[in-house]
Every structure is written in C-alpha cells, then in structure tokens.
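Asks: Those protein sequence lines, which keep their order, are chains A and B.
My numbering applies: residue 641 is where the first sequence begins, and numbers increase by one.
My numbering applies: residue 53 is where the second sequence begins, and numbers increase by one.
Calculated from the structure, these hints are not laboratory results.
All C-beta atoms, glycine included, are put in the ideal place defined by N, C-alpha and C.
Heads up, some of the hints might be wrong.
[To be verified] Reference listing, derived: stretches of chain B covered by chain A, where coverage requires no fewer than 3 residues with Cβ under 8 Å from a Cβ of chain A:
1) 135-146
2) 175-182
3) 263-272
4) 324-334
5) 423-434
6) 439-453
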Amino acid sequence: MISFTVNGKTHRVDVEPDTPLLWVLRENLGLNGTRYGCGVALCGACVVHVNGEPARSCTTRVSEVAGKKITTIEGLSRDGSHPLQKAWIAEEVPQCGYCQSGQIMSAAALLAKNKSPSDAEIERAMDGHICTCGTYNRIRKAIHAAAAMMRKGA
Amino acid sequence: MRATVNQDRRTFLKASAAAGGGLVIGFYLPGASGIAEAAAGPAKLNAFVKIGTDGKVTFMCSQSEMGQGCHNALAMMIAEELEVDFKSVRIEQGGIDPAFANPRYVGFRAVGGAQGTGGSSSVRNVGVNVRRAGAAARFMLITAGAERMKELRSECVAENGYVVHKPSGRKVSYGALANDAARQVAPDDPVLKQPSEFKILGKRTPRHDTLLKVAGKPIYGLDVKRPGMLIATVAKCPVFGGKVRSFNAGRALKVKGVKKVVQIGSGVAVVADSFWAAKKGRDALEITWDEGPMAKVSSPGMYQKWAELAKGPTAAERLKVGDVPAALAGGAKRVEAAYEVPFLAHVCMEPMNATAHFKGDSVEIWAPTQAQSWNQHWVSQLTGLPPKAITVHTTYLGGGFGRRLESDYVLDAVETSRAAGNVPVKVVWTREDDIQHDFYRPASYNVFEAALGPDGMPTAWRHRIVGASILQYFKTFAHFLRKDGLDPTSVQGAADYFPYDIANVYVDYVNNNPGVPSGFWRSVANSQNGFLMESFIDELAHAAGKDPYQYRRQLMAKPHAARLRAVLDLAAQKAGWGKPLPSGVHRGIAAHFSYNSYCAQVAEVSVAKDGKVKAHRVVAAIDPGWIVNPNTIEAQIEGGIFYGLTAALYGEITIRNGRVEQSNFNDYKIARMDEMPKVEVHILQGKGEQGGIGEPGVPPIAPAVCNAIFAATGKRIRKLPIKPEMLRA
C-alpha cells in the first residue's frame, strides 16, 4: 500500500510501485483531468504539482510520491475560479482542450514563484508543453492576465 | 406524429412529442432505420432540438467536437432560428442515426450520406438542416401560441422564448406551448431568417465548453469507464501490412494484472485490469512477424521511383487548358522545378483509443470519433451484425485533424472485446502506436514546368504530382477513385480551382504507393498542393523580376479569382506589404482556396546564421462566405496556421524497411510556445455560399514562410520540412 495526499484528501492505493502516478490518478482515483499524451515527459499533458512543484505524472512512479502532497487540475479550485482558469475563459484559450489541464498546472506553478513573469519567462516555464491546436498565444496572454489579477488580489 | 417530405433534400422533417412532454424536431430518411422507427419510443429519438414543457431547449448535435467549435456554432444556429437566448440552449452530443447524415458525404449510402465530421463541413453542410429544425420549431410554436391566445397567427411573433401577440403585448412561453406544438405537422420547408434579421449569427459568442475544459472535466475517449471494463494495448507489426506468424504469451500472462492475451486482426492484444499492466504485458510478449513485402521499402527508394515516374509517359490527366507543349516550346523564358513533400502524422493530443462492448447480437462503442457511420459500417462488416445493432457513443475528441475519420482503432476495441469473451474493453494506443500506425498525409514528388512571355507573365504551367493516394485506403470512398488511378483527394487544390489566368495549363497525377497507409490530414491535399502552387508561382514572379504580391494579383484577373484576390489584397494591406521591416526580417505571401473559403497570409520571417527559421508574425485574411462566430474563425485560422507551420518546420514521417522511423515527440517534433508567431486574422464578409473554417487556414502558411525564406536568403525550399542545414549561411 502506498499512501499520499491528492487535493487535500489522503489516499492509500494497492498498485505496483512502478506504476506511473498518471495512471493511478486516472484509473484508481478517477481523476481524469490529468491527461496522457506521450508517456515519456515530452508533452506536458500530465503535469500535476507534487509538494507544490510541477511534475510529469507520466514518468513519476507512484512509489516516489509516498507521503507527498499532490495537486491536480481538479484541486486547483472548486469551481473553475482560480485566476488562471478565469483568464483562460476570458481569452477563450481551449480548442480541443486536451492539453489545457497540464498547461494550467505549469502556469500555476510559475505564478506561485513569479508574480510578474515576462514573455521570455513564460515561454521558458511553458516550454515543456505541446498544444497541436496552436493555442500558445492565448495561453501566454492568459498567464499575463492571471498574474495581473493575482497581483490585485483576485 | 406526422412527417412532411422535403423531396429535393431527401430528408423528412419530423415533429413529435418528447418523452415526458415537450416538442422534438428531427429528421429521418426514407427506408432507413432511425427516427421513423424510434418514433414509437420517444426516449430513443435522435433529434436535433427538443423544447421541454419547462421551456428548456436542448440541442442534440450530430457532429463531433474536436476543438473546432462546431457544437457552439450549430447551437448558435438553433438559437437564432428558434428565437431564444444562446446561453439558454443546452448542447448535447447526439447519438448515431441515419437521420444525422452529413449531406457532404453523399455516396456512402444511396440516400443521405454518412454521419461524420470532416471536410470543414459541419456549419456549411449540416448547418442548413439545423436551421431548418430550429425554424420549423419556431413556426409550430407561433401557430400554437396564436391558437392559445385566440389571435391571428399573422399578428404573433417569436421573441426570446415566448410567442408574443404584437398588438396586445400578451405572450405565452415556449414551455407552455411545447405540447400543443408537438401535435402539429412540421412545415415542409420552414422559412429561414434573413441575415438582416440575425441577432446571434455573426456576433462574437464565447464557447459553451470552456469552463469544462479549464477544469479538466470534459469526457474524452480515454476517460470512458464501463462496469467491468478491462484495458488493452495492442502489439502491431512494425512493418506496414505485416502479420502475426506466431506469438508466445507466457511471460505477458505472468505480469500482475494481465488477464488475457488474444490475437486480433491488427496484432496481439494484451487485456489487463490497468493500462500499466497492459503495457508491461505487451512489452513481455514474444511475437514473430511475417513482415511481408513492405520490409524492403524505404523512403529514399520511394522518392527515387517517384522521380522516375515523374518523367514517364503514363499519368492520369486532371486539367487541360490550351496547348502546354507548344506554349512551353515557344516561351521567352522557361522555369523548371522539382518539389518533395513528406508523409505527415496527425498527432492528436489524445492518442487513438476506443471502448467497445461486443455482446453477441449487438455492439456498443464509445469513441472519440469523427466517423460514426463509417465506424458502424466497418464494425458491421467485421461482425456480420446489421448496422442498427451497432451503437456509437461519441465523446469529446482530444484533437481530430482527420485521423479519427478512420475506424482502425474502433475495430481494435470491438475485436478485443469479442476475443476477450464479450467484456467491455478500452483499447489504448501509446503515442508510439499513434505515430507509427497512422494514416499519413500523402507524400508526393512533383515536377513543374512553366514558360514566361516577354512581359514575364506565365504562358504555360505544367504540374505533375506523383505519390500516395488516400482513396486507396479509404475504401468507402473507393468509387471516387478513377480507373486511370486519378484520386481527386490527391490533386485537390492543384487543379480543381486554378486561380491564375494562364492560357495553357496541364496538371496530371501518377498514383503510386508501395503501401504506406494514407489518410485525410487537416486540409487534405490542399496542404501540399497549396504549398506547391504558391511556391512555384513565387518562383515565376522572381524569375520575371516582379513583386510576388503584384504578380499574383495581376494573374487573378478573372472573375472566379476575385474573392481570392480580395483576401490577397487585404492580407498585403494589413501586413504593410512593401513597407520596411526590422533588419533581417522578410515577408512572404501566399493565397489558397479550399473548402469554399478564401485565405491569404503574409508571413514575416527571419533566418539565423545557423539556418534556424523564425516566423515572427503572420497576417491572415479570410473570406468564409458569411460569418457565424468571429471568435471561432479567429481561433481556427490561428490553429490552422500553427498546424501548417509546425508541419513545415518539423513534420516528416520517414520509412526504413517498411517501418516508421519516428516514434514520439522527440523525433516527431511539434513547435513550442516560443515558436508561435503573432497572428492577426482579418475577416472579410464575402457574398457567397458558406465556406468552411477548420481547414482553410492551413494551406497558405508553409508557402508564405518559404517565400519569406527566399526573400531573406535567396534559397528556395523545394523539400519539406524546412531544415536548418538547407539554410546555413
């Protein structure tokens, strides 16, 4: 049994220790918002926070997160009201939407450390993400907008 | 329940009572199962629109939502015709029904065509039926309202969910009238609103699914869960066309969680209680393959063969105007070039997957699919069950781009479910499976010859396309393949609409493919032929010593090219064509017609000393006939530009000994945020038939960028993708 916290709730799972966290979240805990895109840490669709740091859940073994605190897109806000989610809605970022959970989680980790990122800092933080719908410009704009909201205390 | 016929469209508009009360409007087809049959049990009814006795409007969308925004656009059409607030319309994914046939896919059946989403057709082809349904409901509600208020029908109008008697101001809600309306005959040909009456269509309308998507909540195919469901991965022969000779499942079956190992048509499926077990089980399989003849095929040999065929005597003629050989012989200047474009993968962010439950006498499928009818057809062929025993539930699609018009991944799931003992099974492809077992955008080898007159303008244009055909693989459209090998989907964009006023034009095609599966890729052959034509016309402009924009413009003099010229002008003007740019930045221009829409783009590009290409800004102009939602048009043109750009910079599937050499995003690269240019989209309200919007943004970007590269370096890109080593200073 491996025990860890997801979105504030403690879970104990009985799975093979080498199972990627991604599949435990999706198949054992029913948290589908974290997506499978490549399985080898190349696309960012599976990004979650482990103890506040962005991590690729597709290459993070569940044994590595024993005792740790995980946040997924479902835990970012209860009702889609995180400033990043609000900004994503205002900029109408998603097309197919598949990669957006991971994009938002990386953006949240960036804004937790940098309240006023430049274009270059955003591009560096988001470089591990792929969106084949091509929503990058809107993502950059939404991150700036969310940062501004957070600076105003929204 | 009575139906009326609209003979010219061969569909019946039908009204009936909804389960639990209310009005339902849908279509059915003569002789096909579906609404006519289902009418006995309203719960089964697949309809376009439902108005409950509580006034709630539900729109059941026949089309698949893969990011292109068609659910939203079609719901806007319903709201417009029905005279209700767009936000009050609940949008649901419709099921599968012959009545949901997309009129674009005629030829699949004798009547009605296939239900599916592709060819930028949802709004322009399905939209009219959606509007008819909305208009019929409005008409019937007004009649019911007038009767209820005992007023003249001519004095009653529909307004914001009510029928209003204009002179008195009295009104009755749709909900209160829905049951009465359901007892009426649906009007034969309801009068659609005129554009001057539109309140919703043409206005900026945010998408309804954004909140869902930023909260991680949409249900994609991979998120499907069924009671007792198992997960499977399939080991497929790495060589196209290869078959299983023998396999040993012993080690795979020892992996904890693996339940069964079964052979299916496409390979060996490992069925387990989790993805990870299924994948580890697959890794442990020992399979001997019969690789077949493709094992001897590699990319260099294919292109070599195509280069020979390009010189050969035999080809299928597609377009012949004037006398090209004579004009080539008599020109003042001759320009020749050979171009190559590669096979491309689709790389939907959600890898291929499907869930199926084979139950002996019926099959239930849950899939992120663009092709409900074709899925049903092929599953029927596989199982011998009648189509109506096969149900397809459509989920959200994590990208589509044409890949999900195929049925291979659905067949994997159905076969595995059956072979595993009629249990529900979700088949999950890894990214490697997805890239190595795609139906690729066809590769081609092309030769061009042109003659210029003394004024530098072209007098002859010859283009031969040699390469892979889509219809060789897309069998339900095989009847469109001409006996001489001409595949209309492979010459699309090179000859069907020829914008340039050139007196002598000859385009032909040689169909040749040793066996690389080929399929529909966003904008289909427009993606390569747009690049080819718009690169070669640029070559001619430079050979003539003329400005590439003015040169095109002058050649777009005939009326049929007027709308393309208008977007060309708009893009050039908005981009400041001819005005100075920062040092090292250069412009290229291109224009292309596809899916009834006209699109021109100007790209601003720099090339670094190491050959690295950077697109800084793209100015696009689009004329889609008329505008449904400007937000969606902008998003789709932006997305189309990105999809075409990342392919031009990186996209290339190569074959070695019958195997795809690429496997994941490390070697099939997708451009990242810092490579995305600024994009400006200018929409021209045209006056014509409705055009598509999902695809027309793709074709102009590769030539616009390559033409800018020529302006920057004097080097002409005649082979995609663009490689830095071609451009090193």
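Asks: Give a verdict on every hint.
Replies: Hint check:
no.	hint	in the structure
1	135-146	violated (count 0)
2	175-182	violated (count 0)
3	263-272	holds (count 10)
4	324-334	holds (count 4)
5	423-434	violated (count 0)
6	439-453	holds (count 6)
Of the hints listed earlier, those the structure fails to meet are numbers 1, 2, 5, in rising order.
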